[in-house]
Structure formats: structure tokens, C-alpha cells
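Chains A and B, in that order, are what the protein sequence lines are.
Its first residue numbered 202, the first sequence is counted upward by one per residue in our numbering.
Its first residue numbered 55, the second sequence is counted upward by one per residue in our numbering.
Warning: the hint list may mix true and false statements.
Per the computed footprint, the stretches of chain B lying under chain A, defined by three or more beta-carbons under 8 Å from a beta-carbon of chain A, are [as the list claims (entries may be wrong)]: (1) 67 to 73; (2) 266 to 275.
Ranges between beta-carbon positions, derived for each pair [what the hints assert, rightly or not]: (3) A:VAL228 x B:ARG240: 33 to 43 Å; (4) A:PHE419 x B:ALA166: 18 to 28 Å; (5) B:PHE130 x A:TRP223: 34 to 44 Å; (6) A:LEU204 x B:ALA266: 45 to 55 Å; (7) A:VAL479 x B:ASN116: 28 to 38 Å.
No lab work stands behind these hints, which were simulated from the structure alone.
Note that the Cβ used here is the ideal one computed from N, Cα and C, for glycine as well.
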Amino acid sequence: MSLWQALAYFFREALVSLGRSWKVSSVAILTIAVSLFVGGVLLLLSTNLATVVGQWRSQAKVLVYLTPEVSQDFLDGLRKQIEAEPWVTECQYVAPEDARERFRQSFPSLSGMVEDWQEEPLPASFEISLDPTELTATALEEWLSRLREEPQVEMVDDDRDWLSQLSAIVALIKGIGITLGAVLLGAAIFTIASVIRLTAYLYQDEITIMRVVGATEFFIRGPFYVEGFLQGLIGGSLALAGLHLGHAVLLARTEASIWGGVLLESFLSPQHQLALIVVGGLSGLGGAILSLRRETLVPAAEGT
Amino acid sequence: MIQFFNVGKRYPGGQHALRELSFEIPRGQFVFLTGPSGAGKTTLLKLIFREEVPSEGQIVVNGRNVSSVPPGKIPFLRRTIGVVFQNFRLIPRKTVFENVSFLPRILGADTATQKRLAHEALDRVGLGHRLGAFPLELSGGEQQRVAIARALINEPEILIADEPTGNLDPELSKEILRIFEEIHHRGTTLLIATHDRETIQRIGGRVLTLEAGTLSGDQLLPSPRDLRSEADTDLITSTESDLATEGEPL
Ligand SMILES: Nc1ncnc2c1ncn2[C@@H]1O[C@H](COP(=O)(O)OP(=O)(O)OP(=O)(O)O)[C@@H](O)[C@H]1O
Ligand SMILES: [Mg+2]
Chain A
202 MSLWQALAYF FREALVSLGR SWKVSSVAIL TIAVSLFVGG VLLLLSTNLA TVVGQWRSQA
262 KVLVYLTPEV SQDFLDGLRK QIEAEPWVTE CQYVAPEDAR ERFRQSFPSL SGMVEDWQEE
322 PLPASFEISL DPTELTATAL EEWLSRLREE PQVEMVDDDR DWLSQLSAIV ALIKGIGITL
382 GAVLLGAAIF TIASVIRLTA YLYQDEITIM RVVGATEFFI RGPFYVEGFL QGLIGGSLAL
442 AGLHLGHAVL LARTEASIWG GVLLESFLSP QHQLALIVVG GLSGLGGAIL SLRRETLVPA
502 AEGT
Chain B
55 MIQFFNVGKR YPGGQHALRE LSFEIPRGQF VFLTGPSGAG KTTLLKLIFR EEVPSEGQIV
115 VNGRNVSSVP PGKIPFLRRT IGVVFQNFRL IPRKTVFENV SFLPRILGAD TATQKRLAHE
175 ALDRVGLGHR LGAFPLELSG GEQQRVAIAR ALINEPEILI ADEPTGNLDP ELSKEILRIF
235 EEIHHRGTTL LIATHDRETI QRIGGRVLTL EAGTLSGDQL LPSPRDLRSE ADTDLITSTE
295 SDLATEGEPL
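Just need the whole structure built from these sequences, with the hints factored in.
Here it is, written out as C-alpha cells:
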């Protein structure tokens, strides 16, 4: 028999067996589905959070406030120096009058305050946009302190500070997610292994009979492995379907709230979806392999 | 060809089930194995297809030393031996058809061939109409016949049967034995364990008698069919009285 014929045989046997003992199978399938569902939820939340924080980071600006008596020469020199840095994507000069205009638009109720002043109350500044991929945290720190030492710079403001704290939190959530996911998956494999071991005990007689009438181990085990794999695939697909459904329902309900929008913004990427199903299949296969290890299957008389 | 050389078998923690067994069954012989319950008949049969391994001695089947067949080759040894088990050993989750055609299926026969072989084998035991049933939906006698069909399907060189007529009525028993005689005529070696004296006398052939694990008798009974053809020599009565006075338990 060719390998393809053998595989076809395994799949047929496994499908028939799944159909005939669906009660036992559904325990394994649900175990995988629940573990992968929880893992999927964590993956979904942390991916979305990471995306959002990434967006915020890329929109974050560095503001360089200049002293009132700043000279045009200095302005030109500083702008050149800033624009020479590879991570700077844009450097915009905001004159004091522009700043006042902006202030008035942002805070209409306070506009009277600035109106009364004779001198320009707000300092001139550079607004610098950055490409975060070009910049490490230490390089940024170094660059900012260099800017602060410039003689006619009053103050350098960086709203990336709290964002880097936020991204540390995202990394933490991701870490917890991965750990929890791994633990859950381990538990799932273990449960599947127990379920299949139970099945193997249940079918111990069956296996012995196949052996006694002349079946090789390959043909005895093949259908069990494929059955485990299929259980895993089904479990993974159920988890994915559950995630889809849960995501759609929650999104509809929490559209208004910021956090709902942030955390549920996008669904898992196609690669992640595929990975979820593949991981399901592999853990089902792993469970089958674990439960049909040689020592659990071979009767004493064969060991000699 | 089956050869036993000083074979002993001791189950873990138990007494000897078999001891000091030596005999030889040439290719194509029809042999009955008889003896009281617990004498070791099933154990002897299991040694031949290596479901059990001997504690002492050597067993050679078709020129292969059974104890030293490497584990990976055991299935190939077993495929040359058809076995009808005392407790049938059908796979409960598989239909009659799947049970009977199991070996052709894993040997790569296409579905049409599997069906044809299964039909042939089941028709021979009168069960051609129960292909889709599960073993537990069958009576004991029907399960026994399915087991016989499974053993026959691969046209094995050696057929071993452990009480193959134990659950059958006299009519069916006769039918099954007729099938055994038929495959014997095709050159298959048969070894049949049975308590059934009547069957043995009706068929004749070689009779091995086990008692408490040792061989206590090895006779060659003439087949009644041969006798009938020589009826005028009055052999039947003399043979039967010979048997009666021989005193060997059958
Ligand atoms: N798996 C086993 N473990 C321990 N002892 C066993 C085992 N199988 C059989 N025996 C013992 O070996 C002896 C022979 O048993 P066996 O089954 O070969 O007898 P038998 O001649 O087939 O009997 P019956 O006619 O009742 O089928 C018995 O004493 C039995 O108790
Ligand atoms: Mg027995």
C-alpha cells in the first residue's frame, strides 16, 4: 500500500471512528476549543493594544520651546540640525502668534486671557514628528538632552515618556498572554492525552485484535493519530468561530466606549487565525502521540 | 508445517500451563487438538501465532523460529495464519464487513476487492446478508461464523480454530466442518481445538490429546469417508470398537 493509500485509509477510519464515538471525541474537542478560545482572546486583546500604542507612539511629537529672544540665525541652525537626524520625519516651526491662535481655538473660553496681553505670551517652538522605528529609547534620551543644552532652548517636552510606560505594560500583557496561552495549551494537550489514553484503554481489546490478526503498528496507530489531529482541527475551528462571534457581539455593544473601540478594533490577522487552527491540530496530534506511547500499548507478552 | 521442540509455558505467577511438548504437524494435515478444560489447548494455539511466547523450548512455523521473529516481522507471520478465537474477538466498533475485510483493507485491496472477498467468505458461513451489522447485534453462533469468515478471507497457509463449533447447533457445526474440510483439500494445514468427540469421530484425521499441559495421546483416526468406500472390509465397526477400547479421552 502506498503512503497516500495509507493516509486515505487513516482518514477514513478516523472519520468513521469520530462519527461512531462522538461522545468521547467531543470531550477532547471541547477541551481544545476552550483552551484555544482563551488563548485567542488574550492574543486578540494584546495585538489590538499593541497596535494602538504603536499608533500613538508614531503620532507622538517632541516639542522644543525657544526663549523669547531667540535669533533667526539660531532658528535656522537648529532647524537644520534637527532635520539632519534620520528619525525626524517633520519639523514645523510654530511662531508665537500661531501658538496664540491655536490656544484660542483649543480653549475658546480662555481666549480673553491672551487677548489682553501686549506681548506674545506663548513662546515660539519646533514641533518635531518622529519615525519610532528609527529610534531606540536611549538614543532618544541622548538626543533630547543634547537639545536641552542648546543656549536658546527654553524647554524640551516629550509626550513619549508615558507612552513608553504604556508600551511596557503592553509587553507585560503580551507576556502574560503568551505564558497563560502556553499553560492552557499544555493543559489541553494533557487533557487530550488523557482522553485519548482513555480511548486507547477502551479500545485496548480492539488494538490487540488488530495486532493478532496481523496489522502492523503503523496501521494500528495511524487512525488514532489522525483522529487526534482531526479533533484538534475541529477544536481550533470551534475556538475561532467562538472568537468571531464574541468579537462581533462585543464590538456592536461597546462601539461607543473608547476602550471597546481600542481593544476590539480589529480581529485576528489571517495568519493568527490559521495558526490557531494549526496549533489545535498539532495539540490533538500531540495528545494522540502522548497517549499511544509504546509502553501503554504493548501487552507484556510482546515485550520479550 | 508446525514443529514444537520441548516447549513449556508458564504464565506469570502460575503453574506450568504446558510442559515438555514435542510434536510436528506436516504441511496440509488436518489435526484436532482435544483435552479437558484447562489442559492448555488455547495456550498451545496462542504460542503458534505468537500471542504468547514459550517459557522453554522452540517453535518453528513454516520454517521460521517463532520466538526469534523480530517484533516488526510478527505481523507478517500472523498474516499467514488464520485464527478463529475461542471468544471470537471481533472488533465491536466495526461492522461485520469491516471486521471480515480488515486484513485485505490494510494490505491495500481496493473497495471492490474487499467487498468481493468479504462476500465470498461470509457466504461460505451463511452470513452474506449481515454485512452491515455490528457484532453485538449478532447471536453467539453468528459471531462465531463471522470470526471464521475473517480467518478464511486471506486464504492462510495455516488455519487455527479454538472451539469453532462451540456455539453452533449440530446442523451448523456440520456445515462449518464441511468448510474446514474443503479448505483442507486446498492444501491448508488445520489445527482445531475441540471438546466435541462426535465431531472428531465424524471427520477423523490426526488427534492430539492434551492433559494437564502434556501430550497424552497422538492418534491417526481414519476418515469415515475413506471407511465408507471400503465398507465391505468391515473396518467401521472394528475401528469404532478400537477407539472405544483405546481409553484415550477425546
Ligand atoms: N493469561 C493467563 N494467565 C495465567 N494463567 C492462564 C492464562 N491463560 C490460561 N492460564 C492457565 O493456563 C491453563 C491452561 O489454560 P488454557 O486456556 O490453555 O486451557 P484450555 O485447554 O484452552 O481450556 P478450555 O477448554 O476451557 O478452553 C489453565 O490452568 C489456565 O488457568
Ligand atoms: Mg481454551
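Here is how each hint holds up against the structure:
no.: 1; hint: 67 to 73; result: violated (count 0)
no.: 2; hint: 266 to 275; result: violated (count 0)
no.: 3; hint: A:VAL228 x B:ARG240: 33 to 43 Å; result: violated, 49 Å
no.: 4; hint: A:PHE419 x B:ALA166: 18 to 28 Å; result: holds, 24 Å
no.: 5; hint: B:PHE130 x A:TRP223: 34 to 44 Å; result: holds, 35 Å
no.: 6; hint: A:LEU204 x B:ALA266: 45 to 55 Å; result: holds, 51 Å
no.: 7; hint: A:VAL479 x B:ASN116: 28 to 38 Å; result: violated, 48 Å
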